[in-house]
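Number of protein chains: 2
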Amino acid sequence: MNKQITLAMGNGGEENNELISKIFYKAFKNDILEKSEDAAVIQNGELAFSTDSFTVSPLFFPGGDIGKLAVCGTCNDLAMMGAKPKYLTCSVIIEEGFATRELEKIVRSMKKELENNGAVIVSGDTKVVPRGSVDKIFINTTGIGEIQKKGISSNNISEKDVILVSRDLGRHGATIFAAREGIELSSDLQSDCASLTHQVQALIEADVNITALRDATRGGVSAVLNEWAKQSNICIEVEEDALPVSQEVYGICEMLGFEAVNLANEGTFVLAVKKEDEQKALEVLHRFENSDNAVQIANVSDAYLGKVLLLSSYGTKRFLDTPTGELLPRIC
Amino acid sequence: MNKQITLAMGNGGEENNELISKIFYKAFKNDILEKSEDAAVIQNGELAFSTDSFTVSPLFFPGGDIGKLAVCGTCNDLAMMGAKPKYLTCSVIIEEGFATRELEKIVRSMKKELENNGAVIVSGDTKVVPRGSVDKIFINTTGIGEIQKKGISSNNISEKDVILVSRDLGRHGATIFAAREGIELSSDLQSDCASLTHQVQALIEADVNITALRDATRGGVSAVLNEWAKQSNICIEVEEDALPVSQEVYGICEMLGFEAVNLANEGTFVLAVKKEDEQKALEVLHRFENSDNAVQIANVSDAYLGKVLLLSSYGTKRFLDTPTGELLPRIC
Chain C
1 MNKQITLAMG NGGEENNELI SKIFYKAFKN DILEKSEDAA VIQNGELAFS TDSFTVSPLF
61 FPGGDIGKLA VCGTCNDLAM MGAKPKYLTC SVIIEEGFAT RELEKIVRSM KKELENNGAV
121 IVSGDTKVVP RGSVDKIFIN TTGIGEIQKK GISSNNISEK DVILVSRDLG RHGATIFAAR
181 EGIELSSDLQ SDCASLTHQV QALIEADVNI TALRDATRGG VSAVLNEWAK QSNICIEVEE
241 DALPVSQEVY GICEMLGFEA VNLANEGTFV LAVKKEDEQK ALEVLHRFEN SDNAVQIANV
301 SDAYLGKVLL LSSYGTKRFL DTPTGELLPR IC
Chain Z
1 MNKQITLAMG NGGEENNELI SKIFYKAFKN DILEKSEDAA VIQNGELAFS TDSFTVSPLF
61 FPGGDIGKLA VCGTCNDLAM MGAKPKYLTC SVIIEEGFAT RELEKIVRSM KKELENNGAV
121 IVSGDTKVVP RGSVDKIFIN TTGIGEIQKK GISSNNISEK DVILVSRDLG RHGATIFAAR
181 EGIELSSDLQ SDCASLTHQV QALIEADVNI TALRDATRGG VSAVLNEWAK QSNICIEVEE
241 DALPVSQEVY GICEMLGFEA VNLANEGTFV LAVKKEDEQK ALEVLHRFEN SDNAVQIANV
301 SDAYLGKVLL LSSYGTKRFL DTPTGELLPR IC
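Chains as they are written, first to last, in UniProt numbering: chain C, 1 to 332; chain Z, 1 to 332.
It should be emphasised that the hints constitute simulated quantities derived from the structure, not laboratory data.
Mixed in with the good hints, there may be bad ones.
[Said to hold, decoys possible] Here are the simulated BS3-like pairs of lysine-lysine, each with C-alpha atoms no more than 25 Å apart in a straight line:
1) C:Lys-86 <-> Z:Lys-280
2) Z:Lys-3 <-> C:Lys-29
3) C:Lys-22 <-> Z:Lys-112
4) Z:Lys-26 <-> C:Lys-3
5) Z:Lys-150 <-> Z:Lys-136
6) C:Lys-26 <-> Z:Lys-111
Every value quoted in this text rests on a predicted model; they were computed, and no experiment measured them.
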């Protein structure tokens, strides 16, 4: 491994996986951790438990802010294991001199999003560090959720499943990049930042046969599909034309040479459901504004185990790899 | 409130309490949070749940490092609610360019201390931020513990209790200050950084009638006693001469004008136990190297409700207040 930690090691792609497996998993080795799910499943499968630290620049962006993000991010990780978020902790590290009014605004966003999830913050920690020791504010949230549907796991996907995505891709990454670089957009592009609890609860209530769920954050849909292909030892065949991308995001990608499938999302999830339940799943998702363009994007095969294939409309095939490098635009 | 966040607002004292109550508690208001215990008690009193973010400079200090600190700190918060630490999450924010070898060293310390507590890390998150966005590394750990003895609470202390402390005071604060300022000590002063799980388990097994426990971290023993006096609406009368302080810590305090009772500890806890169990509690504590000088330091009265009195050997009395200001030496 590199002698120094690089930005690429933190961005959800290949180098990030290497850092996690060679340093953290190696030392902390245990059955639960090694499942590499979005949240750990503990207490005989009754509870899900997940952590995330949030840093974003700018702190306030179209469609959200770091407070909303910090609650959505952890609640979504719990939801992806079929759990209903219940208790969160909140730990903040604030730079000396940070505006109290901005902190209050962030905390209000958190409160609103907690209510939306039906969750409460039960324990917290507040540190203030000298100017220059942190970039404005970092927020960690860690959550416990009650699992409503057991057995959801990214280790069990098979050819009996189809792969869906809940909405158009890359809004968060594109929004943060545009905001950071001061790109003025005539469009009203905004982050997809949102809680997914209600969608997941509705899928469970409709008794959709869910195999796996994962929100496509850092590394985007590419990272999720590659993790799934490896974890379940399957080949995922993606129809390139089926990948939903909005005009606004497509424009930014064209301009800057990004691929929407690699961009971060904060309210977009990938689903593996049993083939016979595809329509039922899509019907449920289409009831929600945040997933009214949910669509099937891929099938599972045994063509190249552990790999993701991208099928173009011209009949060509190429591998869709886990993103590598600094994955510009950095979103955290 | 001040328009800007100040260092004093993060240091465990009066201003920290104001920030927490006026911004966080106000927004996140709920019964569990308002109990202000070291850890939240959830799931019908079965589980304790607590979070802490760790920043320390230097990262490696006599008696420990940020990794050991990050595991001890959260495990101790769980232990203080009578819980046995079971599952932890670990979320790190690393500065680009940080030495991989130092990260490995930190992770090894975490592993060792996890084993000591019988706990495992089941979920994690790794972020890397650009140079200058964070001071080397921040670690958040959040833990779940199984409560072995229900009903421990800092809201129920009464005149039937006596107050003990598990060891001599102020080692962590004094050590960090000396290390940071490059003060060469001829003594072998080192931080008290240690897990308290075994002591607490032994107290529970010996059936000591424990009312409350709290580890005296930021703000030291002064902060704990003041919180307890307010939460239980009692007066705590401390015998100044009974406060155990090592020669090394006393020397640093004399030199720099600190009071050991205000200094941070990372493996020292305050106990409120029923009077008749004082000897039993001390006998248990004295079995452990880290608490072989445990001693009674205070009684509970109704003299000044919500206040802490310091009684000198000359018969004078003064209030021991919650520390205020920047509480030099900053330890995080």
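These are the hints, each one checked on the structure:
no.: 1; hint: C:Lys-86 <-> Z:Lys-280; result: 39 Å, violated
no.: 2; hint: Z:Lys-3 <-> C:Lys-29; result: 45 Å, violated
no.: 3; hint: C:Lys-22 <-> Z:Lys-112; result: 17 Å, holds
no.: 4; hint: Z:Lys-26 <-> C:Lys-3; result: 45 Å, violated
no.: 5; hint: Z:Lys-150 <-> Z:Lys-136; result: 39 Å, violated
no.: 6; hint: C:Lys-26 <-> Z:Lys-111; result: 10 Å, holds
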